[in-house]
Amino acid sequence: MIKLKLLEIRNLKVYFNTEEGIVKALEDVNLEIDKGEILGLVGETGCGKSVTVLTVLRLLSNASTISGQVLFEGQDLLKLSEKEMLKIRGKEITMIFQEPMTSLNPVFTVGQQLMDVIQLHMNLDKKRALERAIEVLKLVKLPDPDYIVNKYPHELSGGMRQRVMIAMAISCEPKLIIADEPTTALDVTIQAQILGILKHLKEQLGVSILIITHNLGVVAQICDRVAVMYSGYVIETGTVAEIFQHAVHPYTRGLLKAIPPIEEKVERLNVIPGNVPNLITPPSGCRFHPRCERYKDGVCNAQAPSLRQLTETHTYMCYNPYLPEGVVEEVNV
Amino acid sequence: MRSFIIKRLLLLIPIFFGVSVLCFLILYFIPGVPAKIIAGEGATKEDIENIRVVFGLDKPLYVQYLRFLRGIFTGELRSIKSGESILKEIAPRYVGTIQLAFSSIIISSTLGILLGVLAAVYKNSWIDNLAMAFALIGASTPVFWLGLLLILVFAVYLKVLPSGGREGFKSIILPALTLGLPSSAIVARLTRASMLDALSQDYIRTALAYGIPKRKVIFKYALKNALIPVVTVIGLQFGFLLSGAVLTESVFGWPGVGRYIVDAVFSRDYVVIEVGILITAMTFVLVNTSVDLLYAVLDPRLRKG
Ligand SMILES: Nc1ncnc2c1ncn2[C@@H]1O[C@H](COP(=O)(O)OP(=O)(O)OP(=O)(O)O)[C@@H](O)[C@H]1O
Ligand SMILES: [Mg+2]
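Protein chains in written order, with the numbering used here: chain A, 610 to 942; chain B, 434 to 738.
Just chain A, with the same shape it has in the complex (with noise of 0.2 Å):
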């Protein structure tokens, strides 16, 4: 019996009809995540991480295509109705955001908010409800649970309403968090600590977290396998190790010369030469190849490669590249 992954995403396409014409965001995403793994999902900006995410929840309201498959221990998520996707949302599946200050609400408490995520999904009298409230608070190390639960997200700090997010994230004991940037709004010190929480929920939880991040620094910190993002294609993944030590794809080698000291608060990652690809008309074959240091003229501009697999846990999508010495075989995924 094959093991069932807790969420594969097959051949995903999405694509967006706007005025300017059709935004082809998402060309063919693939990518797996374990039980009780970390993974990153890295790339340039507008390469389409948080489409794909976003996807996976069904939050996006305005595409026009979306094709393939998002499989959630064995279930399409794709194919549920609105009403089932409530029960995975915040339940099975949940969602931490880039901007602490704007994600929580400003009219309601601390305790209000989680409250309500918890008493749909876990069928708690309110009494109940407030002491998972602040017990989820104690699980994030916030300090003084019973009397944060009472406050306003005004009243706390970035880091703290970041902390009270991932509180959020896990007041319904999910399978899987997504974290889209956590900390890229914050500042260096307050960075280490929330990954050090959501690290150390993996180790205790035992979830499995797709973290989003433009910062290989934080991968390299806390991932246990990577995902690398180009103009709607995953164009590699595989171990931390594998990508940091042989990484195929001169792509991923680009973005690993460029890694800024990890000190550095980085924004936008955007340091290999030439421009990300218009997604409306974007570039044939491979869409990096004219950017790529190793394209072949006639056949990178051609087709779009298909998925290759090296290892077990390492594919990529490329025609050339940089296969280690005595590797010559390519298995086609």
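Calculated directly from the structure, the hints in this document are not laboratory data.
All C-beta atoms, glycine included, are put in the ideal place defined by N, C-alpha and C.
Treat the hints with caution; some may be incorrect.
[As the list claims (entries may be wrong)] To give an idea of the chain B side of the interface with chain A (calculated C-beta under 8 Å), a few residues:
{"hint": "1", "residue": "Ser633"}
{"hint": "2", "residue": "Asp635"}
{"hint": "3", "residue": "Tyr654"}
{"hint": "4", "residue": "Lys657"}
{"hint": "5", "residue": "Asn658"}
Once you have looked at the hints, place chain B with the ligands on chain A.
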């Protein structure tokens, strides 16, 4: 929160004095010697002098003001025309005005908020277009014209509602609609804009990402935020209703403070005018203080005293 409420209530005292001085002075400074006006045409010099003494108009200004203040609290102030105590005359009319104003505020806020929310949630659909067409027409309809139209339809043709007077619940419906409908149009437009803004905020995305059902997201998470500016405008609308009431009261023969003051203007009953304006102005101040308190209930960021 407690100290915020106390502060707001204490603030009412200086406001009351300010408003009362203004009411008193405005009439004092308008052209024409009050005594001459009271005495009427063809009065002799002695007549006028008599009146000055009787009404205390010969005393210094501050004495007159203090007498005016005392008169308000003791109910001693009398109408020049009827000789009756003004407070006695104004009390039933005040009740009438307040009934009318509150009925129309209820119509204007429920209808306005409902239409605004619907228009925002179904943005750019026919529901939105219809609601906003109503808002445009409503906001530009003159009160007296709307009043006559409603009388024509409901009193003359359909004969389901009385065309005027003040007998029972039925008779308040038309005047309240006349006042409330144009004001609901303004509330609807503001609610729509404010609701659209709230719905586009990050915290709405958070609520949806956590499986909160859409209806609850709209009516709890977005609406409470969207109502903050709306509540202010509803408070200001109350002023419009108080002044608009003069016309409505005339069209529907509704006995209220507005008409009482207008009658006093025609008969130069300046004490009645002073008291009438003071009471109306203080009502407006009280309503807006309540609005400020409601504001703090809605928005925790404003509760700092
Ligand atoms: N609702 C939408 N309608 C139209 N285009 C969209 C929509 N959402 C995203 N896009 C487009 O899809 C592309 C991918 O956007 P996405 O937000 O996923 O990027 P990202 O990888 O998360 O970038 P960042 O690092 O800046 O967050 C962008 O070009 C964006 O303009
Ligand atoms: Mg993003």
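Verification of the supplied hints:
1. The beta carbon of Ser633 of chain B is not positioned within 8 Å of any beta carbon in chain A (closest approach about 11 Å), and the interface hint is therefore violated.
2. Given hint, Asp635 of chain B at the interface with chain A, holds; its Cβ is 4 Å from that chain's nearest Cβ, closer than 8 Å.
3. Because the closest C-beta pair between Tyr654 of chain B and chain A is about 6 Å apart, less than 8 Å, the hint holds.
4. Checking Lys657 of chain B against chain A by beta carbon gives a least distance of about 5 Å; that is within 8 Å, so the hint holds.
5. Interface hint status for Asn658 of chain B: upheld, as the beta-carbon distance to the closest one in chain A is roughly 6 Å, under 8 Å.
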